[in-house]
Each structure stands twice: as C-alpha cells, then as structure tokens.
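Chains Z and E, in that order, give the protein sequences.
Here the first sequence is numbered in this note's numbering, starting from 21 and rising by one per residue.
Here the second sequence is numbered in this note's numbering, starting from 8 and rising by one per residue.
Hints are computed from structural coordinates only; laboratory data are not their basis.
The beta carbon of each residue, even a glycine, is placed where N, CA and C say it ideally should be.
Worth double-checking, as some hints may not be accurate.
Just the calculated beta-carbon pair ranges, DEER-fashion [unchecked claim]:
no.	chain 1	residue 1	chain 2	residue 2	range
1	Z	89	E	68	33 to 41 Å
2	E	23	Z	38	46 to 54 Å
3	Z	44	E	120	34 to 42 Å
Listed next, the stretches of chain E that the computed footprint assigns to chain Z, with coverage defined by at least 3 CB atoms under 8 Å from CB atoms of chain Z [what the hints assert, rightly or not]:
no.	region
4	52-62
5	107-119
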Amino acid sequence: SAVISQKPSRDICQRGTSLTIQCQVDSQVTMMFWYRQQPGQSLTLIATANQGSEATYESGFVIDKFPISRPNLTFSTLTVSNMSPEDSSIYLCSAMGSSYNEQFFGPGTRLTVL
Amino acid sequence: AQSVTQLDSQVPVFEEAPVELRCNYSSSVSVYLFWYVQYPNQGLQLLLKYLSGSTLVKGINGFEAEFNKSQTSFHLRKPSVHISDTAEYFCAVSDVEDFNKFYFGSGTKLNVKP
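Bound conformation, chain Z alone (with noise of 0.2 Å):
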C-alpha cells in the first residue's frame, strides 16, 4: 500500500486569488490522480498527473483553472486558480497501487473561498 499525505490539510482563501496543494506519496508511483469532492457529494476526477507530461484533464476541466505539476514519482500539486466560491470542496489526491486495481487516498484538503 501507499501512504498519501497533503497540504495545507484546510485553508479559507479569498476570492480571486490561488491555492496550491500538495501531495506527496511515500513511494514511487505511476499514476497519480486529483478529485474533488463537492459537499455532501461524491467524487469527481479533476485530472491524471503524468510524470514529465501535461495532466490529462476530464470532461469539464481545464488546464488554467487546475494547473497540475508532476516532477517525479512521488509528488504532485494541484493548484485552484482565480478561485470563486463554487471552488470550495475537498481536494483529494490518490495514488494508483502498485498491482494496478486499486486506488490510495490522501486525507484530503478542504478548502473553503470566502
């Protein structure tokens, strides 16, 4: 298994500015992943961090609003830009398992913009 951490874990930002999350995995990883988590709603896919390409964004999401980096096989960031109140959700980064079928979460970033 993997062990996922994330920060900052909360922030309350202002409208207009940006956020950068963090996420870091305690061994190495192909696949990497962003999810929002709307409240009182499921997940959703933002986007596939790809090492040493451009994420791969879903339906709905772009590149200007969720930069993405991936340096190495631990590490990613997302980052929330010109953020608007609908932007407040948890933000959860995972990690797919070594063994291809299934998926690590990290405990997530709840962020709320005033």
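Once you've looked at the hints, dock chain E against the given chain Z.
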C-alpha cells in the same frame, strides 16, 4: 462510461444490528469493484475489492460484499455493526480495460446508534 448508483443516501441502524449498503453499476463489461469508507474529516480508506474469482469478498472491519454479475450489483454487508462504523461509504467501479478510471457512487452515510 460507468455510472454507479447507491440507492440509500443515509442508513440509520442500531448498534449490533446487521446492515446492507446497496450498490449497482451500469455496465455489463468486465469490472473491478471497490468499497471505500470515509470517516469524518479524513480521506478514503479501502474496505474491500473484487477483482476476479469468488463472488464473496471479505474486507477489513468485518465487512463483506457480494458481486452479482447478472444484477450488476456489489452490495456491502456487515452482520453486526459498531458505533465506530459510523462513516460514509462509497462504492466504486473501474472497467478492466480502462482500470485507471474509477467511477464513484454518491455515497451512503451509515449512522450507527447506541
């Protein structure tokens, strides 16, 4: 794309009673199936998974689930719940041919009462 339906948004149950949380998915293609648990203010933790073989899968904390291909279901059960099982439970599905992409249900909040 898969869709995952968790019919019960909330399930109240008394301690030591049995519980079943229902999950149905849309596609008849070969799938991997998962149940995750999310405790308050925490990330998702894998409870159990079905990849192949026996349709009855046992997981952590005394939970088990049964894969029913004809009914495209993967219901989660526990014969006797504890207060500590109070959490939100998410069913997830991935296609065997596209296992990177997980589809999550809307979640079921299990509330165990003394």
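Now for the hints, and whether the structure bears them out:
At about 36 Å, the CB distance of residue 89(Z) to residue 68(E) agrees with the hint of 33 to 41 Å. A hinted range of 46 to 54 Å holds for the C-beta pair residue 23(E) and residue 38(Z), which are about 49 Å apart. Range check, residue 44(Z) to residue 120(E): about 38 Å between beta-carbon atoms, so the 34 to 42 Å window is met. Coverage of the region 52-62 of chain E by chain Z holds [criterion: at least 3 residues with CB-CB distance below 8 Å; count 4].
Restraint check on the region 107-119 of chain E versus chain Z: 7 residues with Cβ-Cβ distances below 8 Å, three needed, restraint holds.
Of the numbered hints stated above, none is contradicted by the structure.
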